[in-house]
Each structure stands twice: as C-alpha cells, then as structure tokens.
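**Q** Chain residues, written in single-letter form:
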Amino acid sequence: MKPRIELPGLAPLLVLLATASMALLIVMPLGMVFAEAFRNGIAGYLEPLREPDAWAAIRLTLLVAAISVPLNAVFGIAAAWSIAKFEFKGKSILLALIDLPFSISPVISGLVWVLLFGAQGWFGPMLEEAGIKVIFTTTGLVLATILVTLPFVARELIPLMQEQGTDEEAAAITLGAGGLTTFFLVTLPNIRWALLYGVLLCNARAMGEFGAVSVVSGHIRGLTNTLPLHVEILYNEYDFVGAFAAASLLATLGLVTLIVKTGLELRYAGEMRAMRRH
Amino acid sequence: MSLSIKSVAKAFGRYPALRNVSLEARQGEFLALLGPSGSGKTTLLRILAGLDQADAGEVTFQGEDFLALPARERRVGMVFQHYALFRHMTVARNVAFGLSVRPRRQRPSNAEIDKRVADLLRLVQLEGLADRYPAQLSGGQRQRVALARALAIEPRMLLLDEPFGALDAKVRRELRHWLRRIHDETGVTTVFVTHDQEEALDLADRVAILSEGELVQVGPPQEVYENPRTAFIFDFLGASCRMPGEVAGGRLRVAGWDAEAPAGAPQGRVDVFFRPHEVALLPPGEDGVAATVRSIFAAGPLTRVDCAVGDEHLEIHGPAHGLPEGLAAGQPVTLKLLRPSVYPAG
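Listed in order, the protein sequences are those of chains A and B.
Numbering-wise (this note's numbering), the first sequence opens with residue 5 and increments by one.
Numbering-wise (this note's numbering), the second sequence opens with residue 51 and increments by one.
Note that these hints are calculated values from the structure, not bench results.
Just so you know, not all the hints are guaranteed correct.
[Unchecked claim] Here chain A is said to cover these stretches of chain B; the calculated rule only asks that three of the stretch's residues, wherever they fall, bring their Cβ under 8 Å from a Cβ of chain A:
{"hint": "1", "region": "91 to 101"}
{"hint": "2", "region": "148 to 157"}
{"hint": "3", "region": "332 to 346"}
By construction, the Cβ of each residue, glycine as well, lies at the ideal position given by its N, Cα and C atoms.
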C-alpha cells in the first residue's frame with residue numbers, strides 16, 4: 005500500500021482544476037485539428053494527402069527520423085554509459101553540452117548549420133568547391149534534427165544507469181566476460197525499457213520538429229519539405245483542410261507514440277520496477 | 051605463500067587510500083581485512099580483483115604477477131555487499147554466467163553447465179529457486195546466489211566485500227557459519243572484508259586490521275584480540291573502558307591504585323584500557339580502584355554495573371551471579387582490573 009495524504013475538500017478541487025486545464029490546453033486544440041481536417045468528410049480529408057507534395061513530405065519526415073533517431077540512440081547510449089559508469093575530468097561539461105539543445109531555441113539549432121555550412125558560412129565556400137551541399141538538402145535537415153533531439157535518449161538513460169551503478173559490470177568482468185559481452189549481456193538488458201522510452205520520445209520530436217528544420221530547409225516542395233513545414237505552407241495558402249489533414253497525421257504519430265509507451269508501461273510494470281529496485 | 055602483497059599503495063586524487071601495505075596469505079587460508087570505513091580495506095580487495103589499479107607495489111598469487119593480469123583473466127570469485135546479481139537473469143542463468151561467457155573452446159557443454167549449476171545451488175541450499183529472479187529473493191538468498199555464481203568459475207581465490215553488510219543480524223550470523231563451512235569444503239583461499247570485528251574474529255584464520263590506509267596489526271583472532279598493538283585497535287576490537295594513569299619504576303598508578311605495571315608498558319603518562327568484563331567487583335577496601343556504584347542493570351547473562359571513579363564514568367560487565375553482597379546504587383565498590391592494557395597517553 006502506498007501511503008496516502010488525505011486532503012478533504014482540497015483534493016477533488018485540485019483534480020478538477022488539473023482536468024479542466026488539460027481539457028482546455030490539450031484536448032480541445034487536438035480535437036480542433038481533427039474536426040477541421042474532417043470538415044469536408046472523409047473524401048475531403050484524404051484528398052490533400054494524395055497530393056505528391058504531401059507524399060514527399062511524409063516520406064522525407066520518415067527518412068529524416070529513420071536516420072537521426074538511430075544515430076541519437078547510439079550517441080545517447082555512449083554518452084550515458086561514459087557519464088554513469090566512469091569518472092573523468094570534464095564530466096559536468098559533457099552533461100551541460102548534452103542539455104544544451106533543451107535550453108536553446110530550435111531556431112538557433114538550425115541557424116548554426118547555416119552559419120557553418122551555408123553559402124556565406126565558415127565552410128560554405130570550401131564545400132561549394134567540393135560540390136557538397138548541406139543547407140537546403142536532406143543532409144541539413146538530418147543535422148538540424150539530430151542537434152535538436154540529441155538529449156532525449158541520453159537524458160532518459162543517465163539517471164537509471166547512475167542508480168544501477170557499476171557492480172554488475174564489475175561482477176561480469178571478474179567472472180571472465182569481456183567488455184562487449186558485458187555490455188550486451190548485462191548493461192543493455194538493464195536499460196532496455198528506458199532506452200525504448202528515449203527512442204520513442206526522440207522519434208516523436210524528430211518527426212514533429214519545426215523551428216530548426218525550417219531554417220535549413222529552404223521549403224522546396226517535394227524536396228526539402230517535411231510534414232510540419234508542409235502544414236505551414238498549406239496554412240499560409242489558406243488551404244485549411246489540407247493543413248489540418250497533414251497536421252492530423254502528425255498528431256496521430258504523437259498519439260500512437262503515447263499509446264505504445266503507456267501500453268508498455270502497463271504490460272511490463274512489474275519487470276520495470278524490478279529493474280529499478282532490484 | 052600463495053598470495054603475497056608487497057608495499058601496495060593507492061591514492062584517489064590527493065586522498066591516500068592505501069599506504070605501503072604488505073600482507074601474505076597461505077593457500078586455503080581464510081583472511082579477514084578488518085577496519086572502519088575509509089580504512090582502505092575495500093580498495094585493497096578491488097586491487098586484488100583487478101577492478102582498481104595499484105599506484106605502486108606488487109601482488110603475486112601462486113608465483114604469478116597478479117597486477118599484470120586483467121581482471122577477467124584472474125579467475126577470482128568476487129562477492130559484493132549489494133549482491134550485484136544480474137537482475138534480468140534467473141538464478142540459474144546468474145550462476146551459469148561465468149561458464150557461458152567462456153570462449154567456445156573452453157566452454158563446457160550445456161548439459162555440463164546445467165549440472166554444475168544444480169550442484170552449486172545444492173551447495174548453497176537454493177535447489178528450488180533456479181527459475182526465480184533476484185528481485186523475488188530475500189537478501190540472504192541473493193547473497194547465496196552471488197556466492198554460487200562466484201564459485202561456478204572454480205575461482206583460484208574468493209574475494210568477499212562486506213558480503214553480509216546489508217543483512218539483518220540474525221541472517222548474518224547464520225550465513226557466517228555457513229560461509230566458513232563452504233570455505234572448509236572447497237578449500238579456496240578467501241579474503242573477506244568487513245568492518246564488524248565480531249564477524250572477523252569469529253570467521254577468519256587470521257585478521258588483518260587496517261586504519262587510514264595502513265596495515266596496523268595482523269595475526270590469528272585470539273592473538274589480535276588479546277594483544278592489540280595500539281589503543282585504536284583495542285578500542286576497535288570490542289567494548290572497552292579507558293582511564294588515565296601513569297607508569298614509573300615498574301609500577302602502574304591509576305585512580306589512586308598502585309599495581310605492578312604490565313610487561314613492556316610505556317613510561318610516563320598512559321591510557322589504561324580494559325574490557326568491561328575483565329574486572330573483578332570486590333567489597334570496598336580491597337586492593338583495586340575505589341569506585342561508587344551509580345546503577346545496576348541485571349538482565350541476561352551479564353550484570354551491567356555503571357560505576358563512577360572521580361569524574362570518570364565506567365560501564366562494567368559482571369557475572370549474573372556472585373556479585374559482592376550489598377552491591378547497590380550509591381554504595382562504594384572496588385574495581386580490580388584483571389588484564390589492563392597500557393598505551394602511551396593519546
């Protein structure tokens with residue numbers, strides 16, 4: 005039994021307040037998206053999604069996520085592993101660097117790439133000579149997305165790995181296991197749920213990112229337009245049904261992420277508690 | 051000598067954890083490293099396991115340079131205070147781990163591994179629990195799994211880091227005797243770290259006492275207990291009483307009592323230490339330290355007598371029966387120190 009605090013009168017009030025603000029701030033706007041998207045019925049909903057530009061935007065969004073999420077998962081594991089399991093100088097600086105994308109505006113995260121690789125950027129002329137284009141290409145979109153979603157996996161793993169300590173790895177090594185064996189048989193299974201969470205959150209953000217992507221994209225239809233940018237373009241052209249239909253896809257992606265996460269939590273609650281507490 | 055540690059030193063940043071420690075252990079010996087927290091005993095154990103690197107010194111085991119071997123090749127069985135069981139593996143897979151990660155050529159067949167796991171679980175009396183997960187076991191059971199896992203690799207040496215530290219007193223005493231039995235059955239050289247002097251004295255063939263990174267005394271439990279080399283060791287090894295005194299011309303004077311000084315006692319101002327039960331309670335006027343009884347607490351096998359000598363407050367343990375007649379709170383009493391230990395005044 006969990007200890008509970010009884011707050012007669014106050015507790016129902018707080019619950020009511022929380023529910024009301026949730027409804028106002030989250031459920032209503034979300035409902036709006038779908039209501040607007042279906043304004044002209046199902047046929048009207050599907051029509052703007054059949055456009056080649058919309059298809060290109062969906063494919064590009066999936067491609068960018070498919071590249072940046074695995075990279076950030078690998079980076080997140082490496083960063084969390086080194087921070088949680090080893091002592092070294094400059095650890096706090098590394099931690100601060102990992103958090104940086106959370107604390108700066110996504111627009112800046114996009115702009116830095118333009119300043120580095122744009123035509124007027126530091127490496128711009130050099131890259132142009134070599135015939136490599138970064139800005140206004142998929143490469144730029146991937147770079148911007150990676151930067152923005154960098155902290156998600158690492159942040160999810162670090163507290164868990166710190167809590168788990170290094171005794172299990174030490175035990176594995178004294179039992180004769182090598183570094184890789186220890187990682188795959190001991191460390192990775194112990195963090196798999198947190199890793200999945202981190203990847204889900206990272207993925208949701210990677211697909212939904214607007215600011216950073218907007219700066220490096222150039223908004224070339226059918227080429228460098230991701231789904232969030234596609235929504236903006238349609239909206240600015242007063243194609244509300246089209247904009248909301250595309251937006252509803254993004255919203256659905258978010259909802260599916262949430263449902264998968266909640267489902268996993270329910271299904272594996274016991275095991276996950278055991279992981280944490282031992 | 052099977053294990054030989056020579057002049058090992060280790061510092062963490064500016065903080066020295068071990069200073070010039072030299073120690074040996076025979077094949078099959080049960081050696082306890084005893085000391086308060088921060089004394090360096092766990093650091094020494096981790097150096098033996100290869101989990102920490104020594105800054106200086108040598109460790110040889112069965113004639114082999116142990117420090118040159120990486121941890122995974124030392125074949126030592128390590129048991130941790132907080133068990134360190136692989137939480138996502140069953141008991142059986144935990145125990146089998148050391149065998150199943152061997153290179154293919156040295157790996158026993160699955161049937162052999164299964165048999166070995168079953169044998170070990172029988173040895174640690176956990177036969178029915180092979181398919182449980184660590185989270186489903188009690189602390190004592192987890193530590194027995196950890197020991198079985200360490201024994202599975204047929205370790206050349208067993209290293210235990212406060213293995214019973216997280217368990218309650220009763221389980222601790224049970225496991226203690228059980229561990230000694232397993233050691234005697236397997237005959238593996240064992241190094242055991244603890245801060246519990248009773249555990250160390252009860253279990254080990256020899257006890258090595260560490261303080262602030264230095265080895266301060268080593269010997270069989272009884273010898274160490276009866277002849278602590280310093281006041282710190284005397285105090286650390288059990289309940290103790292202390293009174294100031296003075297040694298001159300072969301005589302020890304303490305609180306007005308004049309007695310023959312123990313052999314080898316230092317001269318001048320001294321601290322006199324004795325165990326609370328190594329005191330005879332005699333009627334007033336007898337030869338000894340004159341004291342006043344403050345209170346008597348008689349329950350259990352001992353009678354606790356709180357006494358005052360001047361401003362000093364002493365807690366004496368007398369027998370349950372056979373106290374002098376008329377002993378009561380507020381009455382005078384004579385304390386005869388049966389085995390005082392004398393150290394330079396600190």
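**Q** Could you work out which earlier hints the structure fails to respect and list their numbers in ascending sequence?
**A** 3
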